[in-house]
Every structure is written in C-alpha cells, then in structure tokens.
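Participant: Sequence:
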Amino acid sequence: MRYDVLTLFPGIFAGFLGESLLDKAIQRELVQVHLHDFRKWAGNKHQSVDDRPYGGGQGMVLSAAPIVDCVEEIRGDSPVGRLILLTPQGRVWDQVAAEEMARQQDGRVVFICGRYEGFDQRVIDVLQPEEWSLGDYVLNGGEVAAMAIIESVIRLIPGVLGDSESSVDDSFSEGNRLLEGPQYTRPREYRGYRVPDVLLSGDHQAIARWRREKSLQRTQERRQDLLPKTDPPRSSGEEIGE
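Note that the working numbering has the sequence shown beginning at 1, numbered continuously upward.
Be aware that a few hints might be false.
Now the in silico label distances, taken between C-beta atoms and shown as ranges [claimed, not checked]: (1) Gly-55 to Asp-225: 33 to 41 Å; (2) His-34 to Val-126: 55 to 63 Å; (3) Gly-159 to Glu-19: 16 to 24 Å; (4) Tyr-184 to Pro-158: 26 to 34 Å; (5) Pro-182 to Asp-51: 51 to 59 Å; (6) Gln-27 to Val-92: 30 to 38 Å; (7) Arg-194 to Gly-159: 14 to 22 Å; (8) Asp-23 to Ile-124: 28 to 36 Å; (9) Gly-55 to Leu-21: 44 to 52 Å; (10) Val-198 to Val-126: 56 to 64 Å; (11) Asn-44 to Ala-14: 24 to 32 Å.
These are calculated hints, taken from the structure and not from any lab test.
The beta carbon of each residue, even a glycine, is placed where N, CA and C say it ideally should be.
Generate coordinates for the entire structure from the input sequences, incorporating the hints supplied.
Facilitator: Listed below in structure tokens is the structure:
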C-alpha cells in the first residue's frame, strides 16, 4: 500500500511515521508513505498558496493551481488509485471504509490535506476526488485526519499486527460491528474491583457467551444505532450475570 500526502506541514508527520507499528510496517515494506509540500508548486516568488475569497469573508482560501499541479505531477500519466480530499463536508470515515481500503493492498492513495478556510471549489471540479471527514467537527487541517485514516487501515494489512486475528473482534470491526466489551488482566483484584469469575473458569463457551452479552449491553447503553436487527435491544435495567 502506498500513501502520498499533500500537505503544507510535512513536519507534522515526523513522529507519526517514525514510531510504533507504522514505522515497522514501513521498514518491512508493507506500507509506503510519501509527503509532498504543495507549496513547491506555487509558481510564485513567495510560494504563496492561498488568497482572499471572492465575495468577501473571513480567512484565506487555498488556491486551485498549486494543488492540482502537484496531484497531476505526482500521479504521472496514469492517475490510478484513489484520490481523497479531507474536508468536514465529506462522508464520515468508518471501519467499513477502512476494511475496503485495506483490501486494496497493492493500491495507491493520495490524500489532499487542507488548511485555512478550505479549498477553491475548482480543486474538486478539476480533480474529482473522494471527499472524506473524520466527523462533525473542524480541525486546523487535514493532516490529523490523514493520519487517522492511515492508522485505521495499516493495522488491517496482513503482517502489520503480530496476530492477524487481533483486529477482527475490535469495536466496529468485521467480526463484531458492536462495541467491544470490557477486558481484564492481572491482578485479579484491584482497589476492590475483581475480575469476573467467568473469565477465570476456563469454560470457553461461557466466556464467549459472557463477552457477547457484555458487548450487546455496552452497545445498547452507548450506541444503539449499531445494534443488529437480529439482536433486540436490551432494557437498561436488564442484568447480565458475571
């Protein structure tokens, strides 16, 4: 998987690319990440990439030409792969979208990270990118959103995680679209809170049943919109035994 990121602030990515699982995935050539400062395509002495909006208004708007020229040059004569523009107006990124991108392991994704008051509309008109958002809030720029998307995808690529099955039952994931239930580790008791007896029983069927019930309960309490049609919502007062 190759990612190209267009950004005015490539330095933001230094720690992100050099730590943890992403760094290991890059070293093992499972993932490539290339940064492009589109200020280099400004075409003027001061490398200015923004200007005041026509019609008035607050802030500055990113000009079309530097971004379009940068995208066209780095994609070359064969504009294959996906082009993603990160914007609050985009479709909200989710786990299903991450799984779809992870299946394109030999693919290429180009991210356009905005700043200031957004993009000249002609960036969208000319390039026809996909538009994606992290949610109903505004960030200072698209860099954090690009990092979040990359992070959500690379952990699904075979070989990146130590255990290929460890992501299957995560919240929202392919093996469990619900919220994940509580997890415990040593010690058995901490400040009066004990590990539920069922998890110490060695009865794998009972443990699986308990985890499913707790997952349903947590989803009912916090995200009822995720409950499947086949699993009727539990009342908030219904007790699930430990």
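Participant: Find the hints from earlier in the document that the structure breaks and name them by number, from lowest to highest.
Facilitator: 2, 7
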